[in-house]
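Trainee: What follows is the residue order along each chain.
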Amino acid sequence: MLRMTALLLCLALLRPPADAAAQDPRLAARLDSLTRVQVEALVTSARGERLPTEPLVQKALEGASKGAPGPHIVTAVKSTFADLRRARQALGQSAGPDEIVAAAAALRAGASTTMVAEIRRVAPRGGVAVPLAVFTDLVAGGMAVDAAWRSVSELAERGGDDQAFLDLRDRLRPAVGSP
Amino acid sequence: MRYAIAVAAALVLRTGTLPALQLGGTVDLGAGQAAWDQPGSGALTQGALGATYRAGALFGLEPELLGGIGLSSEPAERTAVEWDLGGRLHTRGARTGAWLGAAVGGAGVGSPAARLTRLEGGLRQAIGPAGLHVWLSRTSFGAGTSGSKELGQGDTLALGDTIPGPGSMSGRRIVEYTDLGARASLGLGRYELGLSFVRRVGGTGVRRTAWEANGVWWVAPSIGLVGAAGHSLPQFGLAVPGARYGTLGIRLALGAAPRGGRRAPREPASSAQAAPRLVLATTHRLAIVGPPAGHAEVMGDFTDWEPRPLEPDGDGRWTLPVALSPGVHHLNVRFDGAEWTVPAGAIAVDDGFGGRVGLFVVREDGKAEGR
Chain C
1 MLRMTALLLC
11 LALLRPPADA
21 AAQDPRLAAR
31 LDSLTRVQVE
41 ALVTSARGER
51 LPTEPLVQKA
61 LEGASKGAPG
71 PHIVTAVKST
81 FADLRRARQA
91 LGQSAGPDEI
101 VAAAAALRAG
111 ASTTMVAEIR
121 RVAPRGGVAV
131 PLAVFTDLVA
141 GGMAVDAAWR
151 SVSELAERGG
161 DDQAFLDLRD
171 RLRPAVGSP
Chain W
1001 MRYAIAVAAA
1011 LVLRTGTLPA
1021 LQLGGTVDLG
1031 AGQAAWDQPG
1041 SGALTQGALG
1051 ATYRAGALFG
1061 LEPELLGGIG
1071 LSSEPAERTA
1081 VEWDLGGRLH
1091 TRGARTGAWL
1101 GAAVGGAGVG
1111 SPAARLTRLE
1121 GGLRQAIGPA
1131 GLHVWLSRTS
1141 FGAGTSGSKE
1151 LGQGDTLALG
1161 DTIPGPGSMS
1171 GRRIVEYTDL
1181 GARASLGLGR
1191 YELGLSFVRR
1201 VGGTGVRRTA
1211 WEANGVWWVA
1221 PSIGLVGAAG
1231 HSLPQFGLAV
1241 PGARYGTLGI
1251 RLALGAAPRG
1261 GRRAPREPAS
1271 SAQAAPRLVL
1281 ATTHRLAIVG
1291 PPAGHAEVMG
1301 DFTDWEPRPL
1311 EPDGDGRWTL
1321 PVALSPGVHH
1331 LNVRFDGAEW
1341 TVPAGAIAVD
1351 DGFGGRVGLF
1361 VVREDGKAEG
1371 R
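One line per chain: the protein sequences are C and W, in this order.
The letter at position 35 of the first sequence is residue 35 when you use the working numbering, and the numbering goes up by one with no holes.
The letter at position 138 of the second sequence is residue 1138 when you use the working numbering, and the numbering goes up by one with no holes.
These are computed hints drawn from the structure, not numbers from a lab.
Glycine is no exception: its CB is placed at the ideal position from the N, C-alpha and C atoms.
Hints are supplied without guarantee of correctness; some may be wrong.
Unchecked claim - In silico contact screen, one side only, chain W against chain C (beta carbon under 8 Å); selected entries:
id, residue
1, Trp-1218
2, Met-1299
3, Asp-1304
4, Glu-1306
5, Gly-1327
6, Val-1328
7, Gly-1345
8, Ala-1346
9, Ile-1347
10, Asp-1351
11, Phe-1353
12, Gly-1355
13, Val-1357
14, Leu-1359
15, Phe-1360
16, Val-1361
Stated by the list, open to error - Label-pair ranges, simulated between beta-carbon atoms:
id, chain 1, residue 1, chain 2, residue 2, range
17, C, Ser-79, W, Thr-1091, 24 to 34 Å
18, C, Gly-96, W, Pro-1309, 32 to 42 Å
19, C, Gly-127, W, Leu-1136, 55 to 65 Å
20, W, Leu-1089, C, Pro-25, 39 to 49 Å
21, C, Gly-96, W, Tyr-1191, 39 to 49 Å
22, W, Gln-1125, C, Ser-79, 25 to 35 Å
23, C, Gly-127, W, Gly-1215, 46 to 56 Å
To be verified - Derived list of chain C stretches under chain W, where covered just means 3 residues or more per stretch with a C-beta under 8 Å from a C-beta of chain W:
id, segment
24, 76–88
25, 129–139
Bound conformation, chain C alone (with noise of 0.2 Å):
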């Protein structure tokens, strides 16, 4: 048994190094090195597709500060890959990092990978970053999902703008439940 734990510690050791940019030192100060060179190998995979690695690099940092054993944070740093990847999936080839992160999010909140898709739909040209936010903060505030998406795509189907999806923010979210 212990020929096998090192065996698989030596093929772990000897693995070709992730690219130096994905060698984040916040991971090597606060990871194992068994767990840091999977996580690095993510990181390297989400960059190859080009998603956003930093959300990854904090669900490792997350799971070593909630003392999360290694193999629950590569599981975790999984399922955000996932996540990113379902986000980027609902929006399309050209999405931004941050609306990326935004849609991941509002996939979380509870949105389906329809909705986000609808809000890519109608509103082609602007930034789907900040509607999905605003779904994302009008369900923090207790707002029903369906609720807080027919009053975000309206007003994207209208044309909103960024500054016009706050406003809608603030007039809804004191209706929910401010914090």
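With chain C held as given, fit chain W onto it using these hints.
Mentor: Relative to chain C, chain W alone:
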């Protein structure tokens, strides 16, 4: 001395604010050596499959459905089966709080012939990486399809081979017993240690106290080495006697929150008055109103998940001067070193570690979000 082969699987299904089910859990494969309390010979094979399902909070409580089936087999003698299905209500999260539960099932040799009912409850308390769990479980066996409560008979639970000494049990009814247990656990990164004791009241058998020391070493993602040693109580439903044992095995983790794995703290269901509340999130400051406390901390993606002390601002308000970029952020807060929680005003979502993390939005113009 006999050898035992054990296979166990625990699956976890969860929903929360996520639209889809999440599957997690563990599968344990192991073998060990046992010195039974009752003289016997031959090898014993045991298997168990358990699953739990947790939905979101309901009226401040977290309901959980549990089911399990186990079997034990001795070549040329018998195969015993026990199954149960029940539910639990947790007053708080997975690591701290109280719970009450009930289950029904069946047990017996060949096919479950005796009804099983169980009432149980427990208290959990987490202190940093350590956890303490105390529970009480009352198990009753009733008449099944055979119409007999006479345990120790082949047509019911076939407990004859679980009883240490023919004179002690033959002809007696095992109607019910109560187990009082305690388990202390410690999670240290890739290592998990546990120590548990159980005291049995009622029932039968000379052995009334059980203990176990165990450890898990996560040598690779989703693969842990498990070792355990202890002295078990008779498992009446499976016709397995008590034994001194030592086992080694491999634990395979499925999904994000394996059973038995160390869990991150969950959001407590404290009263609305005492619950912390995120009241301000701007590009340069964060403010939270919380319960009376000596000190408060926050951690999030804006601190690289390093705990940072919040500064008291009077009237239960705590602030942190911090640069926050516009957009979506994640955070947890805690007061007086208690559990990390999600303040109201942030969306509590599964953090992937068995707990909750809060989502909140910082606006582009840095305007205050709350009052």
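Trainee: All hints are to be evaluated individually against the structure, with a verdict given for each.
Mentor: Checked hints:
| no. | hint | in the structure |
| --- | --- | --- |
| 1 | Trp-1218 | 5 Å, holds |
| 2 | Met-1299 | 6 Å, holds |
| 3 | Asp-1304 | 5 Å, holds |
| 4 | Glu-1306 | 7 Å, holds |
| 5 | Gly-1327 | 6 Å, holds |
| 6 | Val-1328 | 4 Å, holds |
| 7 | Gly-1345 | 2 Å, holds |
| 8 | Ala-1346 | 6 Å, holds |
| 9 | Ile-1347 | 4 Å, holds |
| 10 | Asp-1351 | 7 Å, holds |
| 11 | Phe-1353 | 4 Å, holds |
| 12 | Gly-1355 | 7 Å, holds |
| 13 | Val-1357 | 7 Å, holds |
| 14 | Leu-1359 | 6 Å, holds |
| 15 | Phe-1360 | 6 Å, holds |
| 16 | Val-1361 | 4 Å, holds |
| 17 | Ser-79(C) x Thr-1091(W): 24 to 34 Å | 28 Å, holds |
| 18 | Gly-96(C) x Pro-1309(W): 32 to 42 Å | 35 Å, holds |
| 19 | Gly-127(C) x Leu-1136(W): 55 to 65 Å | 57 Å, holds |
| 20 | Leu-1089(W) x Pro-25(C): 39 to 49 Å | 45 Å, holds |
| 21 | Gly-96(C) x Tyr-1191(W): 39 to 49 Å | 41 Å, holds |
| 22 | Gln-1125(W) x Ser-79(C): 25 to 35 Å | 28 Å, holds |
| 23 | Gly-127(C) x Gly-1215(W): 46 to 56 Å | 51 Å, holds |
| 24 | 76–88 | holds (count 3) |
| 25 | 129–139 | holds (count 7) |
Against the hints set out earlier in the document, no violation occurs for any number.
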